[in-house]
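Engineer: Order-wise, the sequence lines are chains X and H.
Heads up: the first sequence begins at 1 in the working numbering, then just goes up one per residue.
Heads up: the second sequence begins at 1 in the working numbering, then just goes up one per residue.
Some clues are possibly wrong.
Stated by the list, open to error - Once the Cα atoms are required to be at most 16 Å apart in a straight line, the calculated EDC-like pairs of lysine to aspartate or glutamate come out as:
hint, chain 1, residue 1, chain 2, residue 2
1, X, LYS49, X, GLU95
2, H, LYS57, X, GLU95
3, X, LYS49, H, GLU52
Read the hints as simulated data drawn from the structure, not as lab findings.
One letter stands for each residue in the lines below.
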Amino acid sequence: AQSVTQLDSQVPVFEEAPVELRCNYSSSVSVYLFWYVQYPNQGLQLLLKYLSGSTLVESINGFEAEFNKSQTSFHLRKPSVHISDTAEYFCAVSEVGSGTYKYIFGTGTRLKVLA
Amino acid sequence: KAGVTQTPRYLIKTRGQQVTLSCSPISGHRSVSWYQQTPGQGLQFLFEYFSETQRNKGNFPGRFSGRQFSNSRSEMNVSTLELGDSALYLCASSPGDREVEQYFGPGTRLTVT
Chain X
1 AQSVTQLDSQ
11 VPVFEEAPVE
21 LRCNYSSSVS
31 VYLFWYVQYP
41 NQGLQLLLKY
51 LSGSTLVESI
61 NGFEAEFNKS
71 QTSFHLRKPS
81 VHISDTAEYF
91 CAVSEVGSGT
101 YKYIFGTGTR
111 LKVLA
Chain H
1 KAGVTQTPRY
11 LIKTRGQQVT
21 LSCSPISGHR
31 SVSWYQQTPG
41 QGLQFLFEYF
51 SETQRNKGNF
61 PGRFSGRQFS
71 NSRSEMNVST
81 LELGDSALYL
91 CASSPGDREV
101 EQYFGPGTRL
111 TVT
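Okay, chain X solo, but in the shape it has when bound:
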């Protein structure tokens, strides 16, 4: 069975400062990794994904995440945040080759960008 840990429930950061949201996972099999973002009263939007290949993945809005197999981590980073990045961020894993789309989510990190 897989599990996902997001240690920080809330992260306040000033605008234009860098931010890192941490995600660690546990699994006995290979996994796919995802970051989703949820704005108030909305569903989840896929931010980025790691399926295979390069361990550094990037999104179109400046976020990046690096898959570290030895540390079983998939931390999300952004070098300079904007007010509009204020949202809740969820890390998720899915078992490779399972044949289903069951995602295991972390408990989420609320990013609050301060002016």
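Chain X is already provided as a structure; the job is to place chain H on it using the hints.
Structural biologist: Frame of chain X, contents of chain H only:
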């Protein structure tokens, strides 16, 4: 392409009643999954349907059931509602082939009083 749509967006029910939620996936997507989101338990997987067959199921009581139709639209039913069933219910769709990411709808906010 239109995104995943869920109806209704908001729902208020009384304990003991039953409720049916609907999800229309992205056109061409054959897999539909359902998740429950609550402040206490976070996001939890309910079940996944692919080509009208339940392919996986989470750890929820039998009061929670679902189905998928031939056009890939899916419904989720909760019978004998309890206060603890109050949650945001999210539907996600995926092509169902080699693409592994899911695309989520806006959710249905269910309040049980």
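Engineer: For every hint, state whether the structure bears it out.
Structural biologist: A quick look at each hint next to the structure:
For the hint linking X/LYS49 to X/GLU95, the alpha-carbon distance of about 13 Å falls within 16 Å, and the restraint holds. A hinted pair counts as satisfied when its Cα atoms are at most 16 Å apart, and H/LYS57 with X/GLU95 qualifies at roughly 15 Å. Restraint check for X/LYS49 and H/GLU52: the C-alpha separation of about 27 Å exceeds 16 Å, so the hint is violated.
Going through the hint list in order, the structure does not satisfy hint 3, though it satisfies all others.
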